[in-house]
Amino acid sequence: MSVPATATHAARPAAVAKPRRRLPRWWLVVAFFVILAALSVLEIITGANDLTSSGTVSAMFIATVPIMLAGLGGLWSERAGIVNIGLEGMMILGTWGAGYFGYHYGAWAGVAGAILLGVLGGLVHAVATVIFGVDHIISGVAINIIALGAVQYLASLTFVGLPGGGQTQSPKIPDVQTITVDSLSSNLLDVEKKDLFVVSELAAVLRALVTNLSLLVILAMLLLLLSYWLLWRTPFGLRLRSCGESPVAAESLGVHVLRYKFTAVLVSGGLAGLAGGFLAMVASSNYRDGQTGGRGYIGLAAMIFGNWRPGGLLAGSGLFGYTETLGLRQGGESVHALLLALAALALAMAVWQARQGQQRAAVITGFVALALGALYFAIDEVPGDFTRMTPYVITLLVLAFASQRLRMPTADGQIYRKGSAG
Amino acid sequence: GSSDSDGESSTTGSDTPSSSAPQSDVKVGMAYDVGGRGDQSFNDSAAAGLDQAVEEFGMTPNESEAEDGEAENAREERLRTFADAGFDPIIAVGFAYAASVGKVAAEYPDVHFAIIDDSSLADVPNVASLVFAEEQGSFLVGAAAALKTQTDHVGFIGGVETPLIQKFQAGYEAGVAAVNPKVKVDVTYLTQVPDFSGFGDPAKGKTAAQGMYDAGADIVYHAAGGSGGGVFEAASESGNLAIGVDSDQYNTADPSVQDVIMTSMLKNVNVAVYEYLKQVNDGSFPTGVTTYDLSVDGVGYSTSGGMIDDITGQLDDYKQQIIDGKITVPTEPK
Amino acid sequence: MIGRLTRLMLAISTPVLALVAAFAITSLVLLAAGDPVLDVWDQILSVPETRNLANIIDNATVLYLSGIAVAVGFRMNLFNIGVDGQYRVAAFTAAVVAGEAWLPGYLNTALAIVCAMAVGAIWAGIAGVLRAARGVSEVISTIMLNAIATGLVAYLLRQVAVREEGSNQIGTKQIPEGSRIPNIGLGDGTSSVYGFIIIAAVVGFAFWFVLNRTRFGFDLRATGQSTTAAVASGISVKRMTVTAMLISGAIAGLVGLPILFGDSYTYGSTFQSGLGFAGIAIALLGRNNPIGIALGALLFAYLDEQSNPLQILVGVSPDIVAITQGVIVLTVVISYEIVRRYRQRLEQQQVARALESERGEASNDKAEEVPA
Amino acid sequence: MPTPAPSATEPTSPAPDIAVRLRGIGKRFPGVIANDDINIDVRRGTIHAIVGENGAGKSTLMKILYGVQPPDSGTIEINGQQVSLHSPADAIKVGVGMVFQHFMLADNLTVLENVVLGAEKRHGIGAKARAEIQRISDAYGLGIEPDRLVEDLGVGARQRVEILKVLYRGAQIVILDEPTAVLVPHEVDELFGNLRELKNEGLSVIFISHKLDEVLSVADEITVIRRGTTVKTVDPAGVTARQLAELMVGSELPSPSTEASTVTDHVLLSVEDLSLPNPGGRPLLEDISFKIHRGEILGIAGVEGNGQAELVESIMGMRPGATGRIELDGTDLSDRSTGQRREAGVGYIPEDRHRHGLLLDSPLWENRILGHQTRPPGVRHGLIHRGAAREDTQRIITEYDVRTPGPDVLARALSGGNQQKLIVGREMSSDPILLIAGHPTRGVDVGAQAAIWDHIKRARREGLAVLLISADLDELIGLSDRIEVILRGRLVGSFDPDDVTPEQLGSAMTGAGAPA
Ligand SMILES: Nc1ncnc2c1ncn2[C@@H]1O[C@H](COP(=O)(O)OP(=O)(O)OP(=O)(O)O)[C@@H](O)[C@H]1O
Ligand SMILES: Nc1ncnc2c1ncn2[C@@H]1O[C@H](COP(=O)(O)OP(=O)(O)OP(=O)(O)O)[C@@H](O)[C@H]1O
Ligand SMILES: [Mg+2]
Ligand SMILES: [Mg+2]
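Protein chains in written order, with the working numbering: chain A, 551 to 972; chain B, 146 to 479; chain C, 33 to 404; chain D, 13 to 528.
Keep in mind that the hints were calculated from the coordinates and are not lab data.
Among the hints, erroneous ones may be present.
Which chain B residues stay away from chain C? Per the calculated CB distances, all over 10 Å, these [stated by the list, open to error]: (1) Ser-169; (2) Glu-201; (3) Asp-255; (4) Asp-263; (5) Leu-292; (6) His-298; (7) Lys-327; (8) Gly-361; (9) Gly-428; (10) Ser-429; (11) Gln-466; (12) Ile-468; (13) Lys-471; (14) Pro-475.
To give an idea of the chain A side of the interface with chain B (calculated C-beta under 8 Å), a few residues [as the list claims (entries may be wrong)]: (15) Gly-605; (16) Val-710; (17) Arg-879.
Listed below are several chain D residues computed to face chain C (Cβ distance under 8 Å; list not exhaustive) [claimed, not checked]: (18) Ser-374; (19) Val-391; (20) Gly-394.
Because the structure is a prediction, the values reported are computed rather than measured.
No residue lacks a Cβ here, since even glycine has one placed at the ideal position from N, Cα and C.
The following block holds chain A by itself, in its conformation from the complex:
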C-alpha cells in the first residue's frame, strides 16, 4: 500500500532498547472516565445535551460497529500481509447476503448469509493475491467494482416482485434479538435526566447498554476480543502475524505461509461481510442499493488509525461513529460544542509542544486553537453542510496532532511466492 511512516528513517537502531511498554489495562478505564468527565464539562459549558445522551450512545454503537467490523477484517488480512482495499466490496456483498438469506430463512440465517457472501469476496481476493500473486490493490479495487455490479444484478433477480422489494432494495428482513432491561433502563433514564456531573453520563452509557442492545453489537465486540486473543495470544496468531512481518522467516521455519495468508483473507472477507449484514439488519432493516456508502474505506482508515491493532481500531471507529452520530442527530448544536473541545485540546497541545521545545509546532497549534475558539464564539450553530463533515475533519485533525508512530506489518502488501526464503 504505502511505505510505513517510519521507513524514511534509515538504519537499525543501536543496541539500546527503546522504551515501548504499552499502557497497562487499568489505564483504559481511567481514559474512559476522563473522556466522560471532559464531555460532561463540555455539556455544562455549552449546554449541548445531546453529546452524551443515551440516544447518542446507542446510535454511536450502531454507527461504530460496521466500521469496526470492516476494520477488523482489514486487520486480519493486513496482519497476514495482504492489503485489502476490497473491504467495501465484501461489505456490499454482505448486505445482499443478509437481505436474501435473512428474508427467506430468518435473522440468523441472514447473519450467516452476510458472512458467507463476504467470505466469497474474500475467496476471490485470496485466490488472486495469494495463489496468483496479483498486486493486492488491483485485486481489491476489482472486487469493489464486481461486488457493486453483482449485488445490483442479484437484487434485480431476487428481490423484484417480493412485497416491498425491488431491484434497489430487499423486503424488510427480521432483526436479531435485542436486549432491554426495562426497569434498569427507566431508572437510568431518570439519573441521566438529573444532569449530575459524570454520573449522568455514566448512566447514559449504561442505559444504552441495557436498552435495545442488539445481540450483533455484542457479537461484534466479542469478535474484536476474540481476534485480539487469537492473533496475539495463540500459536495460530503468531504464525499468521509472522506471515505479515516476515514471510520468508516464517517459511524458513516451516510455516505454510500461503495457507495462513489464504485463511486470513477469508476471515477478513467474512468480517467485512458481517459488517454489511449489520448495516442491513441492525442499522436498518433491509438490503438497500448503495447502503454501505463507503464505510468499507472508512473501516480501512480506522484500522490504519488504530495502528493495525484491535484497541486502536476500536478507538478509531468509535471516534468516527461518535462524531458521525453527533452530526446526524443534533449536529448544529453538538458539533458547535465540539469546536470548543477541539480548541481546548489544541491549546493544551500547543503548551505541551512549547514545553518540548518545538516552538514552531507550538505556534502553529496555538494558532489553530485560537481559530477554533474564535469560530466557536463567532457562530452559535454549525450549518448542516459542515456537521456532516465532522467525522472526517475530526479524524484528520486527530491524526495530524497525534504524533504518528504508525507501524504497519513489515511485509504488508508485498507479493510473496513460495520458495523465496533465503
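Chains B, C and D with the ligands: place on chain A using the hints.
Using the frame of chain A, we list chains B, C and D with the ligands on its own:
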C-alpha cells in the same frame, strides 16, 4: 434488471389480450432516474403510471435506468437509443435529464419527449414538462403535523440537499407555521450532492430521526426515498409518528411500521405519466408545462390508517385557500 | 534468452487470455441469470456508430486523466484515493472562475484551467504535507478529504448557484461561448470529441517523459522503489512526497475539465462523479504506464457505452457491464502472472538445453520444477 | 520432486556415521546454473565447511538441503534415509536446522516470538517457552533476552538468536551460511566455542564462510565448490589457506597489507563534537571528533551496533537531529543535505547494500545513476542520458569485474559479492575526495575482496581520505593508517595498526582493554 421489469410490464401488457383490451402501436420509452423501477419511490410511481397505461391502451413499453453518477452523454445516449429504436414518446423521469432532453429533443424534432420534475424546457415544441407543486402537498402535511404535535416540536429529514427536496422542506415549514408559528421544526439532510446515498441509507435516516425524537420532536416528515424506512423504524421504536412521501406509504411500507405513518405527502407521478400517455393514446402529443398541484390533485395527502381523520376538515380548508390563491406556498426555505 | 518470436507470442497471449477469460466468466454469469448470452455479445461486439465512438473517446479522455493522476502517486508508492475529491473541488473552482469570466475568451479558459490545477494540487497537497510532516497515511487522509470535498463543494455551490427558471438543478454560471473549448468533429457532421483530448495527450506524454527521461522522474521512481536507498542517494523523501502529491493533484484537477469546457459548461448537481475511483482501476489496469492507461481507459469507456443498448435493445441489466469491467481487471493481471510463470519455466528449460548441448551430456532434462 | 539423476549414485547403504549425503544435486535458475552434480558427505559429529566464490552455489545448495527450494536433480540422504524435502517443515522434521546468510528474523516481533514461531508445539508460546529459551541461552552463553524486540538487537545478537532458533528445535544437523561475516573476533570465538560444543554433543555442523583461516581453524572437513559443482573435499590439516583459495578461484590469496604511508597533513574531513541524541535513550553518538587527512585511511573498529552505522549516516546527513560540525576540505557541511554532501565529493559504500545501496528491481545502469543524479554521465541538465549511463556501467562492469550479462539486468539478480563490486565501482567513478566505506567486503569472496581492497588502496594513493568501517579486524589493520575504536557511541581509543593485534582491538572494542 430491466429484463425482469420488462417481463413484469409485458405480463401486465400480455394480460390484456385475454381481457380483449385495445391494441396500440405506440411504443413508450421510459428513462428512469437512478434507482429505476422498484425504488419504492418516485421512479416506482412513474412506473405505476406506465403500467396502468400499458394495461389500458396496450402500448409497448421499454425501460432503462440511470447509473449512479453517470456521464451526461450517457443520459443523452439513453434517449437517443430509444429514439433510434422507434420509441415515441420518450418519458424522462427526473430533473437530471433536463439538459439531455433539451439536447436530444433538438436532434430528433419528430420524436416526442416528456420530462418529469423540470419545466426549463417549457418552450421546446416536442417536449412536455410534467412538474409538481411538492411545496403545496408538503404544506398540508406540515399543517397536519402542527395540528397533531403534542410537543410543539416536529422534524423534517431530506435525503439529499437538492433544490427539489428543499421545496418539500419549504412547504412543510410554511404549513407548520401557518397552523402555529411556535412549533419548532428540526431539519436534517442526510447527504450532499453528488453523494446521493442519502436516498438509500436507512441507517442514517434512522439515526437522524432518532436524534429528533430524542430532542423532543414527535412527528418527522421525510423526503428521503429509501432512507425513509429508517425514519419509520425510529418512529415506531420511540413511539412517535412519521409522515411518508411520494406515494401512500401506509400501504407500501412494511406492516410493522404501518401504524406510525400518520399520513403521506402524495406526489402523483403515476397520474402525470398516465394522463400524458392517455392523451398520446388519443392521438395528441401534449407539449409545454403541465403543473400537477392541489387543484388537479397532482399532489395531496393520504388518510389511510385514519390517524388524521379528525383534522381533514382543517386540511381541506387550507387546501382550498391554496387553490384559491389565498395562500401562496414558498418553494425555497427561508 | 528466449526467441523473439516466442517473446512476441507471449506478449500477445496475455491480453488475449485475459479477454477470453473475462468473456467466459461474464457469459457464465449471464447463463446463470438466464439472460440472452448471444444477444449480449452480439451487441457488445458490434462495431459502434461514429456517435458512440465519440462518446467512448470523450469518456476515455476523462478516465485517462484520472488514471494518470492516480498513477503519479503509485509510481512513488503513494496511494492517492483522493483524486475523486480533488477533481470535484477543482472542476467546481474552474466552473466558477470561467463562469465569472474576468478575462476575455481563452485567457479566461487558461486562467480557469490553472486555477483548477492549483486547487487540485492544494487539495492533494494537504495529504502530502500531512504525510511528510506528521506521517499521516495518505490513504486515510485522502479518503477523509474526499468526504470533506463533497460537503465543501455542496456548500459553496449553493452560495454561488444560479438556477434557471423551472429547473430543479443548481449549477454555476454558464461558461461564456468564447471561453469554451471547441470540440473536434469526427467527419460525420454531427459527432465530435472534446478538444481537451489534446491537453490529455500532452499530459500523457509529459507523464512519460518526466518519469522516464528526467532526473526528477528518476528520483520519484527511486523513492517509490526504496525509500532507504533514496535517502542514501541524497533524495529528500519528504519533499518528493509533497511534490508527487502536488503533481498528482494538479493532474486530478484536470479530470473534470473536458466535461466542463466541452459539454456541460457548468458545474451542477448532476456533474459526473466517481471518476477518481475509476481512475484507480484504470491506472492499475494500465500498469501505471501512459499507453497502458490509455488502453484501459478506452476499454472501460467502451464497456460503459454498452450499458444503454444492453438495457434497451437486449433487455439485460447494465450492471453486467460493471461486472465485466471488474472481471477484466482481474483476468488481465492474473494472465500477466500466468504468462510470467510460463515464460520463466521456458527460460529454465532453455538453460537446461544449453547445458546439455554444451556438455553433450546424456538426457539431463529435469528443469520442469519451477522455483515458484 | 523429479526422479534422481542417473548420475547420482543409488543409496549405497552408507557408512553409519554419515549424517548427510548429497548426490548429484543440480539446480537451475533462469539464466544461471546454481548447482550441478554436487556430491557431499557430512559425517556425524563433525564440522563440515563449504567454501566457494560468490555465486558458487553454496547458499542454493543449503537452501535445497533445508527444503526451501526443490533440487532439479539429485538425492538427499539424512542418516542413511533418502528423503525428499518439499518444505523447511520436512527438513526440520528430519532434524535439519539452518541459519541463513541473510537473517530470517521478523524485526517487529520479540526474540521469543521469533524463536518459538513454527515450533509452538514444543513448549507453547508462553512461560514454558521463555524458560526453555533462557535455559538454552544460558547453556551456550548466548545472553539472549527473550522479550526484546529483534528490531533493537545488534547483528551479533541477531546471529545468536538465529542459532538459538535452530537449537530450540533440537536440530541434529545445523547449517550456518556465512555466520561470521558480521561478527567481531571474540564473537567469532564464542560462536566457534558453541559449534565445538554442539559437535561434541554429536551434532553435525555445515559451515559456510569466505574467511578461509576461520574455516581452517574450526572445520574437520572442507568441501570446495566452484561454478556450482564440487571440486574437492579436503582435510584442513592437509591444506593451507592459499591452496584452498586456489582451489576456489584459481587465484592467489590476497592479504590486505598497506604500502608506504601516503598520509599528508592536509585535513580533508574534520568532524567536531558530532552527537546524535536518541529520544528516550542513551545518545547514539556522543561528542565524536576526528580528522582524516588526504591520502589517509581511518579505520573505525567496534562491536556491531555501537554507533558505526549512525556515525556514517550522520556524516552523510541522513540523520536528522545530528549536532556538531562537519567540514570537508574547509567547507562546512553541517547543514547541507545528503545530496549536497555527495556533490561536495563524498563517495559512500553503505553497510547495507540492499537497503541503502541499490534499487534491486532496477537495471544496473539505473543503479549507476543512483546517488549521482546531479552529475554526468548519467544525468545532464536534469535529463537522464541512458546511453552514457549504460556505457559507464559497462566500464564499471569490466574494470571492477562484475559478473553479469550486462548493464540491463536487474540488480537483484546479482549475487551480493557482485552487487558490492558494482557499488564500489560506482562510488569511485565520480572522483570523490572522501570515501566512506561500511563493511566493504562483507560476504564477499576472496577474489572480489582482493579487488575491493586494491580499489581502496588506489583511492588512498590518489589522495582520497577514506573512512573505513569494518568488523573484519584483519582488514582494518591491513588497510588503515589509524584505527579509532567506537564503544557505545563514543570514540574510546586510537590505535596504530602497525603495533596492534586483533585481540587487543577486540578487547578495546568490548571496553575490556585500554588503548595502547
Ligand atoms: N532465487 C534465485 N533466482 C535466480 N537466481 C538465483 C536464485 N538464487 C540464487 N541464484 C543464482 O544462483 C547462483 C548461486 O547463488 P548462491 O547464493 O548459491 O551463491 P553463493 O555461493 O551463496 O554466493 P555467496 O558466496 O555470495 O553467498 C548465483 O548466480 C545466484 O545469482
Ligand atoms: N528471486 C530472485 N531472482 C533473481 N536473483 C535472485 C533471487 N533471489 C536471490 N537472487 C540472487 O541470488 C543470490 C543468492 O542469494 P543469496 O541470499 O545467497 O545472496 P548471496 O549471493 O549470498 O549474496 P551475498 O554475497 O550478499 O551473501 C542473491 O545474491 C540474490 O541477488
Ligand atoms: Mg550465499
Ligand atoms: Mg554471500
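Hint by hint, here is what the structure shows:
1. Against the 10 Å criterion, B:Ser-169 stays outside the reach of chain C, whose nearest CB is about 19 Å from its own CB.
2. Here B:Glu-201 stays apart from chain C, with its beta-carbon at least about 23 Å from theirs, past the 10 Å limit.
3. Here B:Asp-255 stays apart from chain C, with its beta-carbon at least about 16 Å from theirs, past the 10 Å limit.
4. Distance to chain C contradicts B:Asp-263 as a non-interface residue, since its nearest Cβ pair spans about 6 Å, not more than 10 Å.
5. Consistency note on B:Leu-292: stated as away from chain C, and its beta-carbon is indeed over 10 Å from all of that chain's, at 29 Å minimum.
6. Distance to chain C confirms B:His-298 as a non-interface residue, since its nearest Cβ pair spans about 26 Å, more than 10 Å.
7. For B:Lys-327, the non-interface assignment is confirmed: its Cβ lies about 28 Å from the closest Cβ of chain C, beyond the 10 Å cut-off.
8. Every Cβ of chain C is farther than 10 Å from the Cβ of B:Gly-361; the closest lies at roughly 27 Å, confirming the non-interface assignment.
9. Every C-beta of chain C lies more than 10 Å from that of B:Gly-428, the closest at about 25 Å, which supports listing it as non-interface.
10. The beta carbon of B:Ser-429 is kept farther than 10 Å from every beta carbon of chain C, the shortest such distance being approximately 23 Å.
11. Chain C leaves B:Gln-466 outside its interface by the beta-carbon criterion, the shortest separation being 25 Å against a cut-off of 10 Å.
12. Distance check for B:Ile-468 against chain C: the nearest CB is about 21 Å away, which clears 10 Å, and the non-interface claim stands.
13. In this structure B:Lys-471 is separated from chain C by more than 10 Å, as the shortest Cβ-Cβ distance comes to about 24 Å.
14. Against chain C, the non-interface label of B:Pro-475 holds: every CB pair exceeds 10 Å, the least being about 15 Å.
15. At its closest, the beta carbon of A:Gly-605 sits 4 Å from a beta carbon of chain B; the interface hint therefore holds under the 8 Å criterion.
16. Look at A:Val-710: its Cβ gets to within about 5 Å of chain B, closer than 8 Å, so that hint holds up.
17. With a least beta-carbon distance of about 3 Å to chain B, the hint placing A:Arg-879 at the interface is held under the 8 Å criterion.
18. At a threshold of 8 Å, the smallest CB-CB gap from D:Ser-374 to chain C is about 7 Å, leaving the interface hint in force.
19. With a cut of 8 Å, the hint placing D:Val-391 at the interface with chain C holds, because the nearest CB-to-CB distance is about 5 Å.
20. Look at D:Gly-394: its Cβ gets to within about 5 Å of chain C, closer than 8 Å, so that hint holds up.
In this structure, only the earlier hint numbered 4 is contradicted, and the remaining ones agree with it.
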